[in-house]
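> With the hints as constraints, model all of the structure from the sequences given.
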Amino acid sequence: MKKLKILNIKKVKNLATERSVKLSEKTLDQTEKANGFLTEVGDLSLFIKQIARETFSRNFEFKEFLRQCYEIGNKSLPLIIITGTIMGLVLTIQSRPAMAKFGAVTMLPGMVAVSLIREIGPIITALICAGKIGSGMGAELGSMKVTEQIDAMEVSATNPIRFLVVTRVLAATLMLPILVLFADAFGFLGSWIGVNIKGDVSLVLYIYQAFGSIDFLDFFPALIKTFLFGAVIGIVGCYKGFTAGRGTESVGKAANAAVVLSSLLIIIVDMIAVQITDMLL
Amino acid sequence: MKNSQEASLENISKEKATAEILIEIKNLKKSFGRLEVLKDISLKLHNGENLVVLGKSGSGKSVLIKCIVRLLNPDGGKIKLLNKNVETLRGKKLNELRKKIGFLFQSGALYDSMTVKQNLEFPLRRIKRNLNEQEIDKKVKEVLENVGLADVLDKMPSQLSGGMRKRISLARSIILDPVIMLYDEPTTGLDPVTSDEISELINSVQEKYKTSSIIITHDIACVRITADHIIMLHEGYIYAEGKLSEFEKSDDPLVMSFFK
Chain A
80 MKKLKILNIK
90 KVKNLATERS
100 VKLSEKTLDQ
110 TEKANGFLTE
120 VGDLSLFIKQ
130 IARETFSRNF
140 EFKEFLRQCY
150 EIGNKSLPLI
160 IITGTIMGLV
170 LTIQSRPAMA
180 KFGAVTMLPG
190 MVAVSLIREI
200 GPIITALICA
210 GKIGSGMGAE
220 LGSMKVTEQI
230 DAMEVSATNP
240 IRFLVVTRVL
250 AATLMLPILV
260 LFADAFGFLG
270 SWIGVNIKGD
280 VSLVLYIYQA
290 FGSIDFLDFF
300 PALIKTFLFG
310 AVIGIVGCYK
320 GFTAGRGTES
330 VGKAANAAVV
340 LSSLLIIIVD
350 MIAVQITDML
360 L
Chain B
11 MKNSQEASLE
21 NISKEKATAE
31 ILIEIKNLKK
41 SFGRLEVLKD
51 ISLKLHNGEN
61 LVVLGKSGSG
71 KSVLIKCIVR
81 LLNPDGGKIK
91 LLNKNVETLR
101 GKKLNELRKK
111 IGFLFQSGAL
121 YDSMTVKQNL
131 EFPLRRIKRN
141 LNEQEIDKKV
151 KEVLENVGLA
161 DVLDKMPSQL
171 SGGMRKRISL
181 ARSIILDPVI
191 MLYDEPTTGL
201 DPVTSDEISE
211 LINSVQEKYK
221 TSSIIITHDI
231 ACVRITADHI
241 IMLHEGYIYA
251 EGKLSEFEKS
261 DDPLVMSFFK
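Chains as they are written, first to last, in my numbering: chain A, 80 to 360; chain B, 11 to 270.
Calculated directly from the structure, the hints in this document are not laboratory data.
One should not assume that every hint holds.
Stated by the list, open to error - Calculated pairs, DSSO-like style, for lysine-lysine (alpha carbon to alpha carbon, straight line, at most 30 Å): (1) B:Lys110 x B:Lys90; (2) A:Lys142 x B:Lys149; (3) B:Lys102 x B:Lys220; (4) B:Lys102 x B:Lys127; (5) A:Lys142 x B:Lys102; (6) B:Lys148 x B:Lys103; (7) A:Lys128 x B:Lys109; (8) B:Lys149 x B:Lys220; (9) B:Lys90 x B:Lys253; (10) A:Lys180 x A:Lys154; (11) A:Lys128 x B:Lys110; (12) A:Lys142 x B:Lys218; (13) A:Lys154 x B:Lys151; (14) A:Lys128 x B:Lys102; (15) B:Lys149 x A:Lys128; (16) B:Lys127 x B:Lys151; (17) B:Lys110 x B:Lys138; (18) B:Lys94 x B:Lys109; (19) A:Lys142 x B:Lys148; (20) B:Lys103 x B:Lys218; (21) B:Lys109 x A:Lys142; (22) A:Lys128 x B:Lys94; (23) B:Lys54 x B:Lys127; (24) A:Lys142 x B:Lys151; (25) B:Lys39 x A:Lys112.
Here it is as structure tokens:
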């Protein structure tokens, strides 16, 4: 009888211990996750600080900056042209029935122009570039990290942030607004084609109607936010590549994380920019 | 092993009493999370010496030389490099010191987006800014000839064989005329013939450029060609230290497992 009692007590004790162990493991796990998130935020802040410092330092890598502008700008242009044209065409075709209901088909070019310039052009271009440029930066710098090329640069007394990161971030920041302008322009072309599917409007008249509906205050805030989108893509892409792990698997993870995080941040920045514009104008 | 080790240490210290010490490491410690990789490492690199650091994979050999150039920050201990405490240096001062060190990475670490010529010019254009185009071209040709490759200037790293990549990487490391060379597994992944060629090249670089070297390896053929002095790492500590002949004569099972 005594032995049994001892066993029962032991069993109760074990259950209690197991429960507390499980609880403590869960707490530790949660703490580790929270710690990981805060570490990531801290690391990203330090990374941005380093970029800011190196941007204004001497010996700017101008040649590499131009190469990155070419890589980011020129090589993304065909994709942006195709997407912009289709965007304008689809937007026009989809909006036409609703506009026709109110007898406002003549306002179609103006409506499409405002939508393209203010929101659709910048956000779609930024999301496409997050996929193309952000993933490219994450994968390229990630593989450079894995193959010790970044270490080699550091050992040869060259600052890898200045050479690899500053040039990419600045190129993305400057090229994105230009790509958005192309997307908008070809969006107008697509829209003009869309209008002419069921109507007959000359290109000159279409442009006159489109530009008659927009003014500088539609254009300027949209332009400012495209610079921010470019900076977000550059910073996140480079950060994810720079902090990639050691194995080849981490290259894929870095590219993927660069796209996911920069897309999310672009949408958040857009929301904040829209709120600020709405308050100011 | 310990008695012979102590005896050999005495001889070595007598021989080198007058030699200049280029690297002095005392009680170096480095951990990654809970994994203690280096527990207590102390060593010296003398002028003109080829010091081979031997050990199994994962024994912390690469971590050791990465701590020397501060690619990794040590957790404890002191590293004196060319009479300067590495752990206290930051920014420009650290870079000034790094200019005097050549580092050959295990993978070669050639920049894939650049041609061989651009790879070799990369440190020159950023460190020796006073050189003109002719001087840069001359220096590039000189180092390429010294590593036995002259006709690959416009090739991309992806077009080179493993041995050629190592040679180009070595050429890039010596282009700034370093005082110390650090080799991280220079012969890994190469066939025996190419491995021997690279090992001979290490000796020839030492002669031509008057460098002192730390060579991380577990390739005994490379040890036999290059080593003046050997240190064996095991479980985060220095397990044995001495000359090649002493290691070859040792009856210690761990040492024998390398030299049999």
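> Work down the list of hints and note, for each, if the structure agrees.
Here is how each hint holds up against the structure:
As the CA atoms of Lys110 (chain B) and Lys90 (chain B) are separated by approximately 14 Å, the hinted pair is consistent with the 30 Å bound. Note on Lys142 (chain A) and Lys149 (chain B): the hinted pairing holds, with a Cα-Cα distance of about 22 Å set against a maximum of 30 Å. For a cut-off of 30 Å, the pair hint linking Lys102 (chain B) to Lys220 (chain B) stands: about 25 Å separates their Cα positions. Annotation: proposed proximity of Lys102 (chain B) to Lys127 (chain B) holds, straight-line Cα distance about 26 Å (limit 30 Å).
With a C-alpha separation of about 23 Å, the suggested pairing of Lys142 (chain A) with Lys102 (chain B) holds against the 30 Å cut-off. For the proposed pair Lys148 (chain B) and Lys103 (chain B), the alpha carbon gap of about 29 Å is at most 30 Å, so the pair holds. Straight-line distance between C-alpha atoms of Lys128 (chain A) and Lys109 (chain B) comes to about 26 Å, which keeps the hinted pair within the 30 Å bound. Between Lys149 (chain B) and Lys220 (chain B) the alpha-carbon distance is near 17 Å, which keeps this suggested pair within the 30 Å criterion.
Taken as a hint, the Lys90 (chain B) and Lys253 (chain B) pair is honoured in the structure, with Cα atoms around 23 Å apart against an allowance of 30 Å. At most 30 Å may separate the alpha-carbon atoms for a hinted pair to count; Lys180 (chain A) and Lys154 (chain A) exceed this at roughly 42 Å. For the hint linking Lys128 (chain A) to Lys110 (chain B), the alpha-carbon distance of about 29 Å falls within 30 Å, and the restraint holds. In summary, the hint linking Lys142 (chain A) to Lys218 (chain B) is not supported, as the alpha carbons are separated by about 34 Å, beyond the 30 Å threshold.
For the given pair, Lys154 (chain A) sits about 34 Å from Lys151 (chain B) by alpha-carbon distance, which is inconsistent with the 30 Å threshold. Simply put, Lys128 (chain A) and Lys102 (chain B) have alpha-carbon atoms about 18 Å apart, close enough for the 30 Å limit, and the pair holds. Of the pairs offered as hints, the one joining Lys149 (chain B) and Lys128 (chain A) is violated, with about 37 Å between alpha carbons and a cut-off of 30 Å exceeded. Between Lys127 (chain B) and Lys151 (chain B) the CA atoms are separated by roughly 9 Å; this keeps the pair inside 30 Å, and the hint holds.
With a CA separation close to 12 Å, the supplied pair Lys110 (chain B) and Lys138 (chain B) stays within the 30 Å bound. For a cut-off of 30 Å, the pair hint linking Lys94 (chain B) to Lys109 (chain B) stands: about 14 Å separates their Cα positions. With a CA separation close to 22 Å, the supplied pair Lys142 (chain A) and Lys148 (chain B) stays within the 30 Å bound. Distance hint between Lys103 (chain B) and Lys218 (chain B) is fulfilled; the C-alpha atoms sit about 27 Å from each other, no more than 30 Å.
About 23 Å separates the Cα atoms of Lys109 (chain B) and Lys142 (chain A), which keeps this hinted pair within 30 Å; it holds. A distance of roughly 28 Å separates the Cα atoms of Lys128 (chain A) and Lys94 (chain B); the hinted pair therefore holds under the 30 Å criterion. Distance check on the hinted pair: Lys54 (chain B) and Lys127 (chain B) sit about 35 Å apart at the alpha-carbon level, beyond 30 Å; violated. Between Lys142 (chain A) and Lys151 (chain B) the CA atoms are separated by roughly 23 Å; this keeps the pair inside 30 Å, and the hint holds.
Taking the CA atoms of Lys39 (chain B) and Lys112 (chain A), the gap is near 28 Å; set against the 30 Å cutoff, the hint holds.
The earlier numbered hints that this structure contradicts are 10, 12, 13, 15, 23.
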